[in-house]
Structures are given as C-alpha cells and as structure tokens.
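**Student:** Protein sequences, first through last, are from chains A and B.
Everything in the first sequence is counted per our numbering, starting at 1 for the first residue and increasing by one.
Everything in the second sequence is counted per our numbering, starting at 379 for the first residue and increasing by one.
Incorrect hints may appear among the rest.
To be verified - On the chain B side, residues computed to face chain A include the following (Cβ under 7 Å):
1) V590
2) G591
3) D597
4) D599
5) A602
6) R605
7) S606
8) P607
9) L608
10) R686
11) L688
12) T689
Note that these hints are calculated values from the structure, not bench results.
No residue lacks a Cβ here, since even glycine has one placed at the ideal position from N, Cα and C.
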Amino acid sequence: MNAILGRCLKSALVAVSLSGIASSTVVAQEIPSVLPPGVKLPRIVLMSMGGTIASKATDRMNINNYGGRGLRVDPQEWVDALPELAQVARVTTEDMRPPEPPEGATGTGGGTTFEQLYTVARRLQEIAKDPNIDGVVVTHGTNTLAETAWFMDLVVDIKKPVVFVGSQRPWTGISGDGPLNLYNAIRVAATPAAAGKGVLHTMNQNINPARDLMKTSAYRVETFKSNDLGTIGVADPDAVVFHTEPTRRHTYKSEFNIALLPPKLPEVEVLYAYTESPGYLVDALVEHGVKGIVIDGTGAGSPAGGQSEAIKRAQEKGVVVVATARTRGGRVQDTPRRSEAKIVPGDNLQPEKARMLLQLALTKTKDVKEITRIFNEY
Amino acid sequence: MQRTQRRGIRNGVIGLLAALATFALPIAAFAESLPKVMLFTTGGTIQSKGAHRLKLAEYSDGKVTPKELTDDLPELKKIAQVEVREISNIGSGGMNTELLLKLVKGINESLAKSDVKGAVVTHGTGTLEETAYFLHLTVKSDKPVVVVGAMRPWTAISRDGPLNLVNAVRVASTPEAMNKGVMVLLNDTIHSARFVTKGNTTRVETFVSREVGPLGFADSDRIAFYRSPLTVHTAKSEFDVSKLTSLPQVDIVYGYQEASRAPVDALVEGGVKGIVFADSSPEYGKAIQAAQAKGVVIVQGDRKGSGRVLTSERTAGRGVISADSLNPQKARVLLRLALTKTTDARELQRIFNTY
Numbered sequence: 001m002n003a004i005l006g007r008c009l010k011s012a013l014v015a016v017s018l019s020g021i022a023s024s025t026v027v028a029q030e031i032p033s034v035l036p037p038g039v040k041l042p043r044i045v046l047m048s049m050g051g052t053i054a055s056k057a058t059d060r061m062n063i064n065n066y067g068g069r070g071l072r073v074d075p076q077e078w079v080d081a082l083p084e085l086a087q088v089a090r091v092t093t094e095d096m097r098p099p100e101p102p103e104g105a106t107g108t109g110g111g112t113t114f115e116q117l118y119t120v121a122r123r124l125q126e127i128a129k130d131p132n133i134d135g136v137v138v139t140h141g142t143n144t145l146a147e148t149a150w151f152m153d154l155v156v157d158i159k160k161p162v163v164f165v166g167s168q169r170p171w172t173g174i175s176g177d178g179p180l181n182l183y184n185a186i187r188v189a190a191t192p193a194a195a196g197k198g199v200l201h202t203m204n205q206n207i208n209p210a211r212d213l214m215k216t217s218a219y220r221v222e223t224f225k226s227n228d229l230g231t232i233g234v235a236d237p238d239a240v241v242f243h244t245e246p247t248r249r250h251t252y253k254s255e256f257n258i259a260l261l262p263p264k265l266p267e268v269e270v271l272y273a274y275t276e277s278p279g280y281l282v283d284a285l286v287e288h289g290v291k292g293i294v295i296d297g298t299g300a301g302s303p304a305g306g307q308s309e310a311i312k313r314a315q316e317k318g319v320v321v322v323a324t325a326r327t328r329g330g331r332v333q334d335t336p337r338r339s340e341a342k343i344v345p346g347d348n349l350q351p352e353k354a355r356m357l358l359q360l361a362l363t364k365t366k367d368v369k370e371i372t373r374i375f376n377e378y
Numbered sequence: 379m380q381r382t383q384r385r386g387i388r389n390g391v392i393g394l395l396a397a398l399a400t401f402a403l404p405i406a407a408f409a410e411s412l413p414k415v416m417l418f419t420t421g422g423t424i425q426s427k428g429a430h431r432l433k434l435a436e437y438s439d440g441k442v443t444p445k446e447l448t449d450d451l452p453e454l455k456k457i458a459q460v461e462v463r464e465i466s467n468i469g470s471g472g473m474n475t476e477l478l479l480k481l482v483k484g485i486n487e488s489l490a491k492s493d494v495k496g497a498v499v500t501h502g503t504g505t506l507e508e509t510a511y512f513l514h515l516t517v518k519s520d521k522p523v524v525v526v527g528a529m530r531p532w533t534a535i536s537r538d539g540p541l542n543l544v545n546a547v548r549v550a551s552t553p554e555a556m557n558k559g560v561m562v563l564l565n566d567t568i569h570s571a572r573f574v575t576k577g578n579t580t581r582v583e584t585f586v587s588r589e590v591g592p593l594g595f596a597d598s599d600r601i602a603f604y605r606s607p608l609t610v611h612t613a614k615s616e617f618d619v620s621k622l623t624s625l626p627q628v629d630i631v632y633g634y635q636e637a638s639r640a641p642v643d644a645l646v647e648g649g650v651k652g653i654v655f656a657d658s659s660p661e662y663g664k665a666i667q668a669a670q671a672k673g674v675v676i677v678q679g680d681r682k683g684s685g686r687v688l689t690s691e692r693t694a695g696r697g698v699i700s701a702d703s704l705n706p707q708k709a710r711v712l713l714r715l716a717l718t719k720t721t722d723a724r725e726l727q728r729i730f731n732t733y
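The task is simple: from the sequences and hints, build the whole structure.
**Tutor:** Structure (structure tokens):
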C-alpha cells in the first residue's frame, strides 16, 4: 500500500517537474524527491541526433513516409512519453540534431556529416570527464547509425556506457518500436556492466557493439545484427544481460582521439566490385585526390574487372587500398598474394566502416604494414 | 647453353639450400620451441571409417586410432608438439559420467604442467556441446581447451575432420585463446562452449551459437578473436569434481500439446534429483508440485533454441529455477553440478544466472 502510494507520488512529481521545463538544448531534470533514501539512480544524458525515432508522420498508419519540416520529435517529448524512465535513471536531454530541413524536405538518417560527428565526439569526450554523468544514449537515423557509432567507438576515450538507439517506425507509427527501444537503451546505459565495452547499440531488445553492427533489413524491427558474429547481450524485461564482450580495441583502448584529429580527415571512398567493374572509377578517385580507396571485393575480397590494374596505378600515386568482402560475412585474409599486392585486408568490416578506420589510420601513417596492424587490432 | 646449364646448377644448389633452410635445419630447433598441446581422444565421426569414401552417413566400419589421426596430419608437427591420450573411442551417444570425469581429470592433470599450453578433445558431434559445457564448468585452468569433431567420417570424400583437427590444435596453442574457457571448433569457427549448439543434422556448418554468435575464426592467415565470454567458467568456476565418482541424476522432460505427466511421475519414482523441462504442458503443474514435495529440483527450460527463460516473481515463488539461455541438455549439465553444492532454489537460480 505504502509502496504503491509512493510510486504514484513519485510519478506525479516527475510529471510536474517535467512539464515545467522549457525545451532548450540542455535540460536538467530534478531527482524525484520521494525516491527512497539511499537510492541513487544513474544520471543519463539522452542526446538526439534525430532519426526515425525522432520523426512524426501525419497519421499512425504512415510508417514509411515521415519526418521533415514540422514533423520532428523534440527530445523532451520522448521523456514526457516515458514516465517509466523515472524508475531507471535521472535523464537529461541534449539536442544535437541538424537544423530543421527546409519546406518539403523528407528523410532522416542519410544527412550526417563529419562536422556533426566531430561535434558529437567532442561532447562525448567532455561527458567522459564529467563527474555528474554516468552514461549516454544517442538517437540516430538507422541508415548510417552504425557508421556514427563506429566513429565514436574509435575516437572517444570513454568507459561510461554510450548506447546508440533508433527505431524502424516513426515515433507516431502504429506498433512503434521507438518507445521500448528508447526505454531499453536508457536501461542499458544505466547498467554498470555496460561500462568499458565500447560504444553499444540497443534496438529490438538486443545489444550489439558498434564494430560489428549492421543494418540488415530495410523495414523490419530486427534489422540490426552483429555482422558475422552475434549479439553481446540482451535487454530482457527481467534483466539486462551481457553474454560476451568485444575483444578488439575501442574507446579507452583506441590510439585515435577526437582531440588529436585534423580538422578534416583524409578523403577515402568506397568502390564496389562486380563483373567487369571498370578501372576508370578508381582512376577518377585518384584524379580527385583521395588518399585511400576501399574496394568492396567479390568473394574473399577480390577486386574485379579493370580494378586490379587501376589499383596498381593508384598505389603508385601513394593511394592506400583496403579490401573488404561484399559477401558480408567472413574475413578478408592477409594472404601472401594480397600482401605482395600491398592491399590491406579489411578483416570482416563493412566497407563503410573500413573507410572510417582507413581515414583515421591515414592521419597517423601511410605505411601498409602499419595500417594492416591497425585493421588487425580494431 | 652454358649459361643455362650454370643457371640450372645454381638453381639446384639454391633449391637444396632452401630446402635445408625450410625443413632440415629449423625442425630440430623449431620442435622444442613449439608449444605442447595434449590431444585427448574420445571418438566420434572424426574417428570413424566408412566402407568407401562416398559413405558420408553410415560409417560404423571401423575406428580411427589416435595414432592414425596424427600420422595422417604431419602438418601438426609444425604447429605444436602434440601428445596423445586416449580416453575412449565411442560415438557421442555413449558418453557418460564415468568418461566425463576421467576426461576432465586427465585435462586438469595435463594443464597443471607448465609446459602444456592447451588441450584438444575429439568428440562425436551429437552430444559434443554437453561435454564441452561440462568441461567449461569443471576444467581448472586458464589455458585453452578446444573440443573438435567432424560431420564426415575420416575416410569420406571432402572430409572436414583433418582441417578441423589442425585448426583445433592451432587455437589450443594460441596465447590469445587463454581465459576464454572451453571452445568448440568445426568449420573454421570458434564457439564458446556456453553458447554453442548443434543446429543441423548433417551439414559441416552445423555448430552455431544462436543469437550470441562465434568468438572468432581460425582462418589460414591467423586465428582472429572478436569476443570473450562473460559467464563464469573454468578457472573461476566453483565446481570441483576432482574427488567425485558420480553426479546427481537429472533428466529432461519435453513439453508439447497434451503432454502426459507420466514421465515426470516415473522420474520421481526412479529417484531423480532434478528435472529440466523443455517447455511445459498444463499436465505438468500438479506433477511438478508432487516432485518438489519429494525434494526434486525443477528447472524451466525451453524448446525454441534461442532466447532466455526470464526470471519472474511468479516462477521464483513456485520454487522453479529459470534455465536462462541454456538449452535443456546444457541446463541438465549445470544442474547436476549445482546439485553437488546445494538444493536451495534461490542459490540454484544464482548459479544459473552466473554460468
């Protein structure tokens, strides 16, 4: 009886404190004053980089055409819609969304820029040192979420949990997955065991690490998988459980840091390999001045068509070439032939992730052996 | 002409020197510096022979001895000093508590020696995951233990055994494989004993860790690890079977529509100490209460093959233990070991949450 009364009182107080907050960039939420003495809920920053989860549609059956001007969810709306969070964490919000798109524009996830990545990475680095913050949740559009999460995994020196989250259906969609995803992401960020495991992702009750995270389905809620590997944990109703932890270098073990990066990363582009894939696209990138090229190779990571000869021309001009496998499963191996051809094996990274790692590696070295070491360790 | 001849002689000399350099000279110096790996053989398809090489599924035409295994793989000599100890030569269906205890005692004795860097165990694939998980809970060492098998007999066309065995020895001699508990290796893929299960009756990619995925891969260029298991295992495990000669009896009851409670009653009658349920049936409710009244411990598992059995106040209130993500056959392995320590439901649930 007392417990129920207490819970009601607490919810009421949280509701009052929330309604009084103006929507500004950083919102401080008061600790519910009726929490039993001694209970200190973790302090979690909920950072919005937008995404489908931050999008509205004109009606709830509209789950594939949403967002754009006037159809965005403010971070505070999430918190208001999830009073249950008051039992899990003390949540403050930060708005890192790009400015509202112009009239008539739609789309949510494809627009992330390196400028935004730098801004968010710098903020996460600040949070790492802030004694008043215990963990971070970042929302993001699902299309390039894995790239952004991987970038943070490589350049932010942080042990606190950083959990990326998104949704496949807009916040207003029927059977929207956003609310449970967001609730679970905050639960994971509030879990001490989530610390030190690198940047994580939580959607559909699964926990995956940024390195292996891959969007595998355009619309289904189970879209995110750990490519080639598996989930490292689950956010089940009874508990957040971790089964395994990643062994590759990340966050606090990384040799890269946002504070030491040049204002602009070396340019690296991705080319796909297929029957008769032409060499002139390689030449065009070299002409354009790229410092590296990722060839998303056939089979075990082989360039095809005119690419092999063009790669030699590119390498003569100092361009570093990494091979990934378009099979999306299996490592690209360091074979004698590949090593003789001075092609860096991209391990089992997706090409868009190999691109980011190569961009970072090129800020340190152009040596193929050293870059191969980096690809073996991250 | 003369030049060609001279080149020929020169190439011959270079070839001879190269051969000496790559084979004759290093092997002596090499062999002693190679890690020592203990190979325990228990049998299985990997140690089976078929009447001819197209016999992929029928292969009770003889056994492969440990010596035949290693003689067939001279390449092992470049990877490790392999020392063999035969435990049995049986199919995995015949594995039993006596052999399991003999196996783990042998492994613990070997790994206690400083020069032994790891162990490999051959095993039939049918119950391989049960033996691997048993070892995962009872081996007292941080050194790698790799359980290996094959889907095709040693005599078959495109047999998978040789590469699996070579890769198992490679992983067992890899320093990076330390502290990862017992691993299962087939088809180039390294799984944790905690999560792996046989997921296909006949294919070479049969072993999978549903949801959780593999720990890494044994590729030709190197052993690549990506994950480390977080459940408690091997050196940190609380289970000690060194002085045991038997384990408490635990059996499994499957659940399906209109399943009868008769098997449950029969097991209780038979003196079982614990029952693992693979799913449920309305009939089981009363039978479980009757079993519990006689001190039988009940673990609730599931037949779906992935996902956790959640803990809830309701099941805890009924004194039923949740199997977490363990499949019924592995929940049985853990419950047998747990019952050597306690019969307290809360303590048993802690054990199931930990391992």
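**Student:** Hint by hint, say whether it matches the structure.
**Tutor:** Going through the hints against the structure:
1. For the restraint placing B:V590 at the interface with chain A, the shortest Cβ-Cβ distance is roughly 4 Å, inside the 7 Å limit, so the hint holds.
2. Given hint, B:G591 at the interface with chain A, holds; its Cβ is 2 Å from that chain's nearest Cβ, closer than 7 Å.
3. At a threshold of 7 Å, the smallest CB-CB gap from B:D597 to chain A is about 5 Å, leaving the interface hint in force.
4. Restraint check, B:D599 versus chain A: the minimum CB separation of about 4 Å is within 7 Å; hint holds.
5. Annotation: B:A602 was flagged as interfacial toward chain A, and the flag holds, the nearest CB pair being 6 Å apart, inside 7 Å.
6. Because the smallest distance between the Cβ of B:R605 and any Cβ of chain A comes to about 4 Å, under 7 Å, the interface hint for this residue holds.
7. The interface hint given for B:S606 holds, since its Cβ lies 5 Å from the closest Cβ of chain A, which is under the 7 Å cut-off.
8. With 7 Å as the threshold, the beta carbon of B:P607 comes within range of chain A, its nearest partner Cβ sitting at about 5 Å, so the hint holds.
9. With a least beta-carbon distance of about 5 Å to chain A, the hint placing B:L608 at the interface is held under the 7 Å criterion.
10. About 6 Å separates the beta-carbon of B:R686 from the nearest beta-carbon of chain A, less than 7 Å, and the hint is met.
11. Hint status for B:L688 relative to chain A: holds, with the closest Cβ pair at about 4 Å, below 7 Å.
12. For the restraint placing B:T689 at the interface with chain A, the shortest Cβ-Cβ distance is roughly 5 Å, inside the 7 Å limit, so the hint holds.
Figure legend: structure checked against the earlier numbered hints; every hint is met.
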